[in-house]
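Colleague: For reference, the chains in residue letters:
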Amino acid sequence: MQIARTVLVRLARLAGVVLIVSFITFMLTKLMPGGLVNTLLGPEASNPEARAALEAELGLDKPLLVQYWDYISGVIFRGDLGIAYATSRFPVWDLLKSRLPATIQLIVMAQVISLVISVPLAMLSAYRASSATDKAISTAAFGMISLPSFAMAVFLVYLFALQLDWLPALGFKRITGPEGLGANLRSVALPVAVLTAGLTAVYTRLLRSDLIATLQEDFILMARSKGLPTWHILLRHALRPSSFSLLTVFGINFGTLIGGTIIVEYFFSIPGIGLFAVESIGKRDYLAVQGVVLVVAVAFVVVNFLVDLLYSVLDPRVRRAGAR
Amino acid sequence: MTEVLPAPDVTGPSEPAPGARRHRRRGLGLAGWLAAGWLVLVTLAAILAPVLPIDEPGITDFAVPNNASPGTGGHLLGTDHNGYDILSRVIWGGRVSLVVAFGVLAVGMTVGGLVGVLAGYYRGRVETILMAIVDIFLAFPSLLLLIAIVAFLGADLKNVVLGISLVSIPAFARIARATTLSFAQREFVLAARAAGAGDGRILTREILPNVVLPLLAFGLLVVAIAIVAEGSLAFLGLTSPETVSWGGMINGGRRPLQEDNIAHVAMIPAFVMFLTVLSVNFLGDRFRATFDVKETVL
Amino acid sequence: MTSRAAPRRISAPPPDAGPLLVVEDFRTHFDTPAGRVRAVDGVSLTLDRGRTLGIVGESGSGKTVLSRSIMGLLTGGNVIRSGSVRYQGQELIDASPSTLRSLWGTEMAMVFQDPMTSLNPVMKIGQQITEGLRLHLRLPKAEARAQALQLLESVGIPDPKRRIEQYPHELSGGMRQRVTIAIALACGPHLLFADEPTTALDVTVQAQILNLLQQQQHERHMAMILVTHDLGVVAGRTDEIAVMYAGQIVERAPTRTLFANVRMPYTEALLKSIPKLDQPSHTRLQIIGGRPPDLINPPAGCRFAPRCPYAQPKCHEEPPPLVEAETPGHEYRCWFPVGTEAGRDALEANLAQHVPAAEAAVRGDSHAAGLVDAQVDLDTAGGS
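Chains as they are written, first to last, in this note's numbering: chain A, 10 to 333; chain B, 10 to 307; chain C, 959 to 1342.
Misleading hints may appear alongside valid ones.
[Unchecked claim] Heads up, simulated SDA-like pairs for lysine to any residue below, C-alpha to C-alpha not over 25 angstroms straight-line:
1) C/Lys-1230 x C/Gly-1297
2) A/Lys-106 x B/Leu-162
3) A/Lys-182 x B/Arg-264
4) C/Lys-1082 x A/Val-316
5) C/Lys-1230 x C/Val-1320
6) C/Lys-1082 x A/Thr-257
7) A/Lys-39 x B/Leu-162
8) C/Lys-1082 x A/Pro-250
9) C/Lys-1082 x A/Val-128
10) B/Lys-167 x B/Thr-252
11) A/Lys-182 x B/Glu-268
12) A/Lys-106 x A/Ala-198
13) A/Lys-144 x C/Pro-991
14) C/Lys-1082 x A/Ala-222
15) A/Lys-39 x B/Glu-268
In case anyone wonders, no lab produced these hints; they're calculated from the structure. Since the model is a prediction, treat every value here as computed from it, not as a measurement.
So that you can see chain A by itself, here it is in the shape it has in the complex (with noise of 0.2 angstroms):
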């Protein structure tokens, strides 16, 4: 009962932020300067009655207040983000629909390789602390976080789309498109390689660094002195208690990607979340705007909170001291 009462709790916290979150950003996009007014009504901007009838039209006549109620129970009621007048007249929640599987894919694609090699690369690196080895990985992946992403894509593409032709230097495929799986795999082969980059040397120095302090600890001598064999220390005793921070890390990822693929979605043409919200801010519809906003908040606090319920499950300090 205890734990369903810190459930709730909780997400009512998460509820509340992603409330204010919207709020806020409803509140900057009445300060736009331009407006929507202006784009819609182009050359006739200047005239105050067509002002007026549109900004009835759209409901912008309202207080401020209002406006953001009328919003925000749409969305919780009907599930209607509105409507993106000034691009293409579609409702905001089929657009972002349909811009959100490119997204989604680069984001677990890239987080899953990341993780498949920067823990195997971490171990190899704290196992042998200040050898060459060590010391090689641990340039590598300074270099890799000194190197802006879309420097990094253009180095990519120079190698692989340039000089070796294996893959496209832009565009995406669908998976469910004529071309099938194949194209769409080399479509975002690029893409993917670049967000891997910089998320692998962010998690290798993580894990590195973790593992190196915990292997100073006591229960690894103990360990070590009953004769278990290297690899079985640093797999089942020495990679658990140093995974917190890597973990934590990771998860916050999943959130902070939705927005962070932009640069990379922008160079190779993407049709995720993050271009589609460069581009709406930039054609000043905020509703699309607001939108975005909206969705990428509720990821956010979503993924946050599904990282603290993993920490209590793989650390049962946590878990006890939780359950009071």
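Based on the hints, put chains B and C in the right spot on chain A.
Modeller: Here is chains B and C on its own, set in the frame of chain A:
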């Protein structure tokens, strides 16, 4: 994730494993000097840009084709998709990065440092409120926030610097708070207070001088991120087109790269940006290792 | 680094085939930026099957380094070992890592000081016991679990079926140490190192744990090396005691002999500092003034000389060798040993010259004499 500000507990290559033979590297080492040298070069070129014997950055040279390879027609690094001389644009682009760097250090470090010191010194309610605000900002995807700020306020350089500084404030605040916490417990503060010194005096005389250096060391790392952030905005085409920026140059080089198979227009600014960020990161990491801020206090 | 060959087991030699452990002129130095730390500087001892050796010393004496270094647990590029350590005739210094690993757990094991940190906090107790069983003895899961339950019972843990599924933080300090002992004994080692096994525990629990160790030792006919700073711990429980100071053994004797015929002044000082029940209340605790010496540049002569009540000029110049006393098996290092005429004369001479250490030793407290470095003597947490 180079768009997101790094967690302050990320360490650099200079951290050795405990128990290993510790070679105390006095001075910068070869890599350090190279890094410093590159930064000096970039900075000097940027400051002296108006008087250097280079082409105007925004004038098309009609004598050579667009996207001319390096070396054609007197253009050391070639021309870009508009026929502009790349070398001069690289140098002028450095000015923007310089402005961003100093702006962030000035605004972000000052405001963030102040917030952090106050939070760390006064503790209690003040700390809780301040750090809660800071944490909310820290958690939100910073690039999105930046884009929003620039979009809402306009795309000129001043706003860009302001926006980046704003986004950097939380990181500075956390570091300042951690450092303040570790110092505020120490005896010389207690001694000052026992001697009758008021809060203001303690803050200015005892705490601040000790916080400034580690903060500056961290500031270099933030500068690296700031340069990348500005580059990202320019790359996305969200900054004003008249300002020459490395990020903007890379953006301009996209089409030659992806469609015309011409690499140098994007590669050169990408390379320059990489070297600069790497150098700043490296030096910042070295300085930080010297001051050894105990981020575990966070 | 991990060899793929099957672990080489040492076949059990016939009884009376010589001592179990022979350590000769053993040194362990650490190369640090500040210089070479001579943590263990020429230690020799032997241990027979089934016998108990107590190693006593304060922080910085090198006793923990000694036990870990004998086992071969110290890693790091800056560790330099020399001399000889032979277990059942096999040389351990420079033995390959896989050889050592085959010995650890099965032939020799260690119980560490702090059970909270020596147990993996995120692993169940049961698993920490069975992993050794499954890896070394290749027991299937069910059998390993059954043995683990038996082990838990034999170390005195009630309700082992419940405890085996628990995590370390769910047990009390004393129980955790029992678990550590169970883990160490799981594969039936012939030599057990107990490194300050009771220091981190409540006083009431200490005796229980020591009794447990003794009981297990007798049942398994196991040799044990008990490392501690507390002479009281080894008093009734060891066959032989070696006193360590500044990386060297300064006195070694069968237990009774040591307490009856102490020769080395440091040992005498240790004996004096044990609080006794028959002293009147509020008796000042006797401490040994001064600090342990710098292990990078140890003093030229006897290393204890700066703090010794009996010290004479010769002591500061020439390091005393280990010599035999009247009783066989009793060795000590001292130019003017306790209980001899030379020693008595030396003390008189020092008192006449008002040497502070001598006056303090005679008077029974060091504060008045100005030797107030009270944090020295008998160990605080932190190990040697």
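Colleague: Any of the earlier hints contradicted here, and which numbers?
Modeller: Of the numbered hints given earlier, those the structure breaks are 2, 15, listed in rising order.
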